[in-house]
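Asker: Sequence:
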Amino acid sequence: MKTLGLYIHIPFCKKKCDYCDFVSFSGKDQNIEFYFKALKLEIEKSSIEAKDYFIDTIYFGGGTPSYIESKYLIDILNVIKENYNILQNAEITIEVNPGSVTEEKLKSYKEVGINRLSIGLQSTKDRLLKLIGRIHNYNEFLETYRLAKQIRI
Numbered sequence: 001m002k003t004l005g006l007y008i009h010i011p012f013c014k015k016k017c018d019y020c021d022f023v024s025f026s027g028k029d030q031n032i033e034f035y036f037k038a039l040k041l042e043i044e045k046s047s048i049e050a051k052d053y054f055i056d057t058i059y060f061g062g063g064t065p066s067y068i069e070s071k072y073l074i075d076i077l078n079v080i081k082e083n084y085n086i087l088q089n090a091e092i093t094i095e096v097n098p099g100s101v102t103e104e105k106l107k108s109y110k111e112v113g114i115n116r117l118s119i120g121l122q123s124t125k126d127r128l129l130k131l132i133g134r135i136h137n138y139n140e141f142l143e144t145y146r147l148a149k150q151i152r153i
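The end of the sequence shown is residue 153 by the working numbering, with every number in the run present.
Please note that a few of the clues may not be correct.
[To be verified] Here are the computed distance ranges between Cβ atoms for each label pair: (1) GLY27 x ASP56: 17 to 25 Å; (2) ILE132 x LYS110: 23 to 31 Å; (3) SER26 x GLU103: 22 to 30 Å; (4) LYS81 x HIS9: 35 to 43 Å; (5) THR57 x GLU82: 16 to 24 Å; (6) LEU131 x MET1: 42 to 50 Å; (7) LYS45 x SER108: 35 to 43 Å; (8) LEU128 x LEU87: 38 to 46 Å; (9) ALA38 x LYS81: 29 to 37 Å; (10) LYS130 x LEU41: 38 to 46 Å; (11) ASP75 x LYS16: 23 to 31 Å; (12) GLU82 x ASN139: 33 to 41 Å; (13) ILE74 x LYS45: 35 to 43 Å; (14) SER46 x LEU128: 22 to 30 Å.
[To be verified] Once the Cα atoms are required to be at most 27 Å apart in a straight line, the calculated DSS-like pairs of lysine-lysine come out as: (15) LYS28 x LYS14; (16) LYS15 x LYS51; (17) LYS149 x LYS81; (18) LYS2 x LYS130; (19) LYS107 x LYS15; (20) LYS15 x LYS81; (21) LYS71 x LYS40; (22) LYS28 x LYS71; (23) LYS16 x LYS2; (24) LYS14 x LYS110; (25) LYS40 x LYS2; (26) LYS110 x LYS81; (27) LYS37 x LYS149; (28) LYS40 x LYS107; (29) LYS71 x LYS110; (30) LYS71 x LYS81; (31) LYS105 x LYS125; (32) LYS81 x LYS107; (33) LYS14 x LYS105; (34) LYS37 x LYS14; (35) LYS149 x LYS28; (36) LYS40 x LYS51.
In case anyone wonders, no lab produced these hints; they're calculated from the structure. We put the beta carbon where it would ideally sit given N, CA and C, even for glycine.
Build the full structure now, drawing on both the sequences and the hints.
Answerer: Set out below in structure tokens:
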């Protein structure tokens with residue numbers, strides 16, 4: 001069996017961190033809907049080349065995928081499921097920022113099949129988090145972790 005992993009880049013953020021070298025944009029929310037329309041077309045088009053593969057990993061990275069409304073991620077994941085052979089035990093990960101994720105978003109992620117979170121922990125020191133441009137503090141990180149455990153995602 002030939003397997004393949006998918007990386008889906010979500011280039012939107014509430015605020016771009018000072019150290020970030022990835023393609024990401026803050027203050028460009030007017031482009032979110034257009035981006036997702038184009039992304040859906042690209043996913044559908046690329047699926048033709050992957051018809052002989054099984055997807056064992058899907059990773060939503062960024063940017064900050066948890067910054068955008070859940071409906072966009074749900075829609076994209078459904079397009080992937082419709083166009084690719086997804087293994088039943090595939091690992092589906094989303095990067096979240098404690099400053100932009102909510103309990104409702106975490107529940108919607110789990111409901112659509114996301115089964116792994118990547119929560120950036122750059123520091124446990126609030127002063128350093130602020131210095132590098134993070135939009136959350138350490139207690140918000142701990143709360144996000146607690147919620148994720150409670151929801152079992």
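Asker: Hint by hint, say whether it matches the structure.
Answerer: A quick look at each hint next to the structure:
1. GLY27 x ASP56: 17 to 25 Å: violated (36 Å)
2. ILE132 x LYS110: 23 to 31 Å: Between ILE132 and LYS110, where Cβ atoms are some 30 Å apart, the hint holds.
3. SER26 x GLU103: 22 to 30 Å: holds (24 Å)
4. LYS81 x HIS9: 35 to 43 Å: violated (19 Å)
5. THR57 x GLU82: 16 to 24 Å: holds (18 Å)
6. LEU131 x MET1: 42 to 50 Å: holds (47 Å)
7. LYS45 x SER108: 35 to 43 Å: violated (27 Å)
8. LEU128 x LEU87: 38 to 46 Å: holds (39 Å)
9. ALA38 x LYS81: 29 to 37 Å: violated (19 Å)
10. LYS130 x LEU41: 38 to 46 Å: holds (39 Å)
11. ASP75 x LYS16: 23 to 31 Å: holds (25 Å)
12. GLU82 x ASN139: 33 to 41 Å: holds (40 Å)
13. ILE74 x LYS45: 35 to 43 Å: violated (21 Å)
14. SER46 x LEU128: 22 to 30 Å: violated (39 Å)
15. LYS28 x LYS14: holds (9 Å)
16. LYS15 x LYS51: Not satisfied, since the Cα-Cα distance of roughly 38 Å exceeds 27 Å.
17. LYS149 x LYS81: It holds: about 26 Å lies between the C-alpha atoms, which stays within 27 Å.
18. LYS2 x LYS130: Violated - the C-alpha atoms of LYS130 and LYS2 are around 44 Å apart, more than 27 Å.
19. LYS107 x LYS15: holds (24 Å)
20. LYS15 x LYS81: Violated, at roughly 31 Å.
21. LYS71 x LYS40: Cα-Cα ~13 Å, so holds.
22. LYS28 x LYS71: holds (18 Å)
23. LYS16 x LYS2: violated (37 Å)
24. LYS14 x LYS110: Satisfied, since the Cα-Cα distance of roughly 23 Å is no more than 27 Å.
25. LYS40 x LYS2: holds (24 Å)
26. LYS110 x LYS81: Given pair LYS110, LYS81 holds - Cα atoms ~15 Å apart, limit 27 Å.
27. LYS37 x LYS149: Roughly 33 Å between the alpha carbons, so the hint for LYS37 and LYS149 is violated.
28. LYS40 x LYS107: Distance ~23 Å between LYS40 and LYS107 Cα, so the pair holds.
29. LYS71 x LYS110: Roughly 13 Å separates the two Cα atoms, so the pair holds.
30. LYS71 x LYS81: holds (15 Å)
31. LYS105 x LYS125: OK: LYS105 and LYS125 at ~26 Å, within 27 Å.
32. LYS81 x LYS107: Given pair LYS81, LYS107 holds - Cα atoms ~19 Å apart, limit 27 Å.
33. LYS14 x LYS105: Holds. LYS14 to LYS105 sits at ~16 Å (cutoff 27 Å).
34. LYS37 x LYS14: holds (21 Å)
35. LYS149 x LYS28: violated (32 Å)
36. LYS40 x LYS51: Between LYS40 and LYS51 the Cα gap is close to 17 Å, so the pair holds against 27 Å.
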